[in-house]
Amino acid sequence: MIEINDLTVRFGGVIPLDAMTVTFESGTCGLIGPNGAGKTTFFNVLSGFVRPSAGSVRAFGDNLLTMPHFRRARWGLRRTFQTEQAIEELSVFENVAMIHEHSRRSRASRRSDVLGAIEFVGLGVGPETKVGTLAVRERRLVEVARAVVGKPRLVLLDEPAAGLPDAETEHLGEVIRRIPGEIDALVILVDHDMDLVSACCGVTAVLDFGVVIAAGPTADVLRDPNVMRAYLGTEETV
Amino acid sequence: MGEEKAQMRKYLGWRVRVPFALIAAAVALTIVVTDSGAKTAGKAHAAAGLACGLGTGKPATGTPILLGAISVKQAGTDFTDIPNMANAYFQCVNANGGIYGHPIKQDLLTDQTIPSQLAAEARQLIQTDHVVGIAGSSDIIDCAVNSSYYAQQHFYVLEAGIAEQCYSSPFEAPVNMGPRYSADGATQTAIKLGAKKIAFDQSNVPGTQYNAGGSKLIAAEHHIPIQFLTENAASINGATAAEKEVQAAGPGGAVVLVFTPPVALAILQGAQHLGLQNKVIWTCATPCNTDFLSNALGSTWNHKLYVNAEMNDIHDDGGADATLYLKVLKQYGSSVAGGIGSFSQFGFVLGQLAVKALLSIKSQVYTAATVNAAFHALKGFKTDFLCKPWYFGALPNNTDYTTYPENGVMQIVPHSGCLPIDKVDPEVATVRAYEKAHGV
Amino acid sequence: MPSWSSFQPFIPIGLAAGGAYALSGVGMVVLYRATGVLNLAFGAIGAMGALIAWSMINTWHVPGGVAYVACILFGGVLTLVYGMIFGRVLAARDPLVKAAATLGLALLLLGVMNRLWPAQVTRTLTLPSDNGGFAVGQANVDWTQVIAVGFGIAMTAGTALFLRVTKLGTAMRALADDREITATLGVPVRRVEAAAWFGSGLLAGAAGLLLADLDTLASDALTFLVIFTVSAALIARLRSLVVTFIAAIVIGLVDNLITPINSITNFRDMTPFVLAIVALLFFAGRRQYSFARGGIR
Amino acid sequence: MPVGGRVSGLRARLGLGRRDALDGVVIVAGVIFAVAALPSLLSPYWVVNATIAFIYALVALGLGVLAGRVGLISLGQGAVLALGGWVGARLLFATSLPYPIAIIVAGLITMVMGTLIGLPALRVSGLYLALVTLMLAGAINVVLTDTNFPNGGKGFLGYNDISTGTPPSIRRPSIAASDPAFLRYTVIVVLVMFVLVLLHIRGKPGRAWAAIRQSEPAALAAGVNVTVYKMWAFALASFVTGVAGALLGSSSHVLYNYQFPTSQSIILFAVALMGGIYTMWGAVVAAFLFQIVPSLFTVWGISNDWATILFGVGALQVLTTAPAGIAHQFPRDMAKLGRLLFGLARRVAPAGGRAP
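Going line by line, the protein sequences match chains A, B, C and D. Each residue of the first sequence is one higher than the one before, starting from 1 at the first, in our numbering. Each residue of the second sequence is one higher than the one before, starting from 1 at the first, in our numbering. Each residue of the third sequence is one higher than the one before, starting from 1 at the first, in our numbering. Each residue of the fourth sequence is one higher than the one before, starting from 1 at the first, in our numbering.
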């Protein structure tokens, strides 16, 4: 469970996050909103690239904001980026293993954990394949594998389905849905693909201009008039 | 990403590969044209009337005699004029009967003052190319790196020396004095001209104290204060150095420059910018003795710079050697870019010495043993370039001349005569004693 | 500590050197802002120009004035040619790659220069302005030094003004901020870049000419004098022309005013390095993260 | 552009192992040859040159670690080599440490210095890092020029400016006093260093470096302490280069300050690029270009300036068309050629067999 209170970020005059307050209990939670609503900024705060000017973030009782960013991975924070960041010159195995190496898990458990993670995402290629040779879909899956290896507690997925055709998005959705149960981690999913969000997320929060304008069961939230208004006029293209 | 790059490379193809192909072609062509011939430069074309070697006028066609040489050739420092001039004389000899029909072939290796490189090159010459002798070398660190190797191989080397070992190893015989003794001469001249104080400036490279040692003793002997400065020659600003020197020398003082011609010139140019020609007495070691420098400085420096010249000046000396030197330089010296000056004179004399030694071999068998024995036995060699007869020894050239620039050329200072290097410098004293004892 | 009077003569020397560094510094910064290329071959280009001028005067006996113009033009043309070929090929690459490529050019030129103008020959390039001069206190000043400083100031001011008021200049500044947008605004990017290459090349040639006279006409020395220029440009964070000028002058002065202090005089060559390093680390400030891949790409 | 970027998935899966095995065989064969046969086959000139080439392979290796693995461009490796040479010479003169210990200690001291130099440099990145290192190289150069290399003198500097006779020589290991023996010794040391670096690249640091080179934020998000691993890379490169410096001193028995001009740092960078910074073979190619090519020119009577020109053009060519360098391109071109010839051969003799 992660509680965000009055989280505020200022870049000079711009205020990407304005006293954001929300709590994600468990399972897979959606975070949606028009472009520039502050979703990625929120992730950057959690992973430590952006220092908030006010507010607090408590995850499973720990204060995330006081940790140096590379410590947070050790704590159990995982994250994917909008532009996929799997390491091209390393093999699939190494890609996942290097995350494991910087987690709390012991060296002994590495091989099994890594192969387990690759298994988990159902990647169709051998673990020794160089990532540089993979297609977008496979790279996305490798990223998810990186995000679930080494007993994570909090997994942030930033538009994991960007640029994927529907069939593959569906597979990805299944994988994401299985994370809370099988990996026992809280997932926060940012995406513009409403089908994916409603398919994966029990609860969803909506950001608009850095403010949470709605939060609750996904179905209700998507029917919420404010949300409609927020989306109207801003055409959402994935 | 991969594809994208690949495409970019395809797109680059024609646009980039073409320029590169052109550059490569041009480079290759130029090498072929300019350099490949370097080793066999200057074939023996007939030269009537030049009294080189036997002076028969018939080109030598026998089996060549291979003589090695090592010389520094790098940005900022290039002494290849010395071996090149020696080779020019060899060509002249080859065109005039050679060594009893045997032409002399020069095997020149250049270096960039990297010790390992010099060690390798000495071994290449002696153990791989099997040169029968080494004559005409001129390098900054050859003696320091290789003198022990030459000793071990029993090679007696004829060279123009710089490093201290050239003047202490029994296997090395220089035609010149090197920085230390030439600087001694410059210091003596400065004192003779009544310097109240001396500022002694040189490049900040190993051996500075060795170079300065003699001048220190000489100044002390005459109770003249002397201050030692060093410059980082790689990044020298002439004006800065000149002003520093003039301030160190003070009013009525003298500046002694111990630099290669380019650096010396940079300093004197700087002095010109600041109008310092008349502030002090300017003196310089041998490298300044080249018409190029005099020419570059222009008339404002007439009689303002006293150069200790280890070789006689060729302009107002009409002697046989001087005449021959000029002719050989003109006819065979195309590779002697520096032209008239001490460096090419060194090379010329080194060539003469080697030829004299080779011609003296009665057996007319030219092996490393015979040739080096002949080199070692050299003595009583008279040339109007040197004040005293030359012999194979530690410091055979220990009495020399003084020149100054005059309208673009270097001239002997009138009535300056021969200047014996002061024997307060211990090495000079030993040499003089040796000369007295052996009557050379 | 030496007296004030012994420092005085080093002031004009330092100012002159600084002026020459400023000259090339301005060219370097303008080119970087317009094309993203930090031209580390600046010194080599100027050196070759100066050597060509030397050959014209001493070998082909061309009147000095013509040779000097040729030197400056050579700088402009060579730089333009390089820019037209490699500048475009590398346009999409990281600034690091662009700068590294100019190191390749520097090596190429260095080799060519040592080949065509071997160090066996001692060379010098004297401008007629060396002959006249005047004295200030303990210091002698000749017209070349005056020209160096004056030209430095004029070029800095002129270029700054040019960037402000002219259409081309505005285009260059726009390019520095965002080339895509500038391109979409219908600015003829290529022509603007070409202008930047050519202009900076002219400055390289001019600086080479001045330094060959003020300092020394030696290919390697002039090639690596570029470090003084780079240092000044870095202190200005490759942006401000005025700061570049001031930095260049300061470097020139410090480098020379240290000279009479015997205890550290031999370490004066560290001036540009030390100043640049301090400046860089001072400006380094907070890291901001780029998602670009590191290294050669 | 990563090396593996253009290998097909299948080739990678099957090929990778094969490739390694192949490399292994080639390396073992090469080392046995270099140790057993090479010294006796080569003339004294080439023995010395080969030794120096192997030593410079270490410098190129260090550059490869920084540029190829982490994406840090250092233009100051020539200066680091000089530091290593200075420290090594001082140790070999001042102490009676066993030779292997001495060069390792030299490497370690250089490592500390190199890392201290790298530390502030790490606050800047990309172009600025390259320029800082260039500046530092220049500064070190000035200091070395003013203090000179140890030549057996007294005191901390160990420099004696009134040299008499041949300078006291920087010692070699007693078992490798002769040039051929020292070549063997160098090959072994170089091999050890390559293995050391290989272990790093194949291990945790290698993966962390790959992550950093791909993207620093992603690496941070993956829990990589970017600063530490960058320093680690500097330390490793400096260590290897420091050992190289110590060997260099022994190889020629003497070091001079004008042996390490700033231009050398740049030439080293150029040849490292030409050789290829993404594979360890690149380091070997770079060393060959740096040492052997100019030496060939010397004996052929071709001016050394052509080497400089070659390096300039080469650097431009690599940067514009083949970022992975010769060691990467050459085998591929050869493979292409091989396939071509194979294809032709098949066409000439169409005696069945399955299609290629």
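What the hints contain is simulated information worked out from the structure, not anything from laboratory work. A couple of the hints might just be wrong.
To be verified - Below, in silico cross-link-like pairs of lysine-lysine (DSS-like), each with a Cα-Cα straight-line distance of 25 Å or less:
no.	chain 1	residue 1	chain 2	residue 2
1	B	Lys362	B	Lys330
2	A	Lys151	D	Lys204
3	B	Lys216	D	Lys154
Results of checking the hints against the structure:
no.: 1; hint: B:Lys362 to B:Lys330; in the structure: 32 Å, violated
no.: 2; hint: A:Lys151 to D:Lys204; in the structure: 19 Å, holds
no.: 3; hint: B:Lys216 to D:Lys154; in the structure: 22 Å, holds
Taken one by one, the earlier hints fail for this structure only at number 1.
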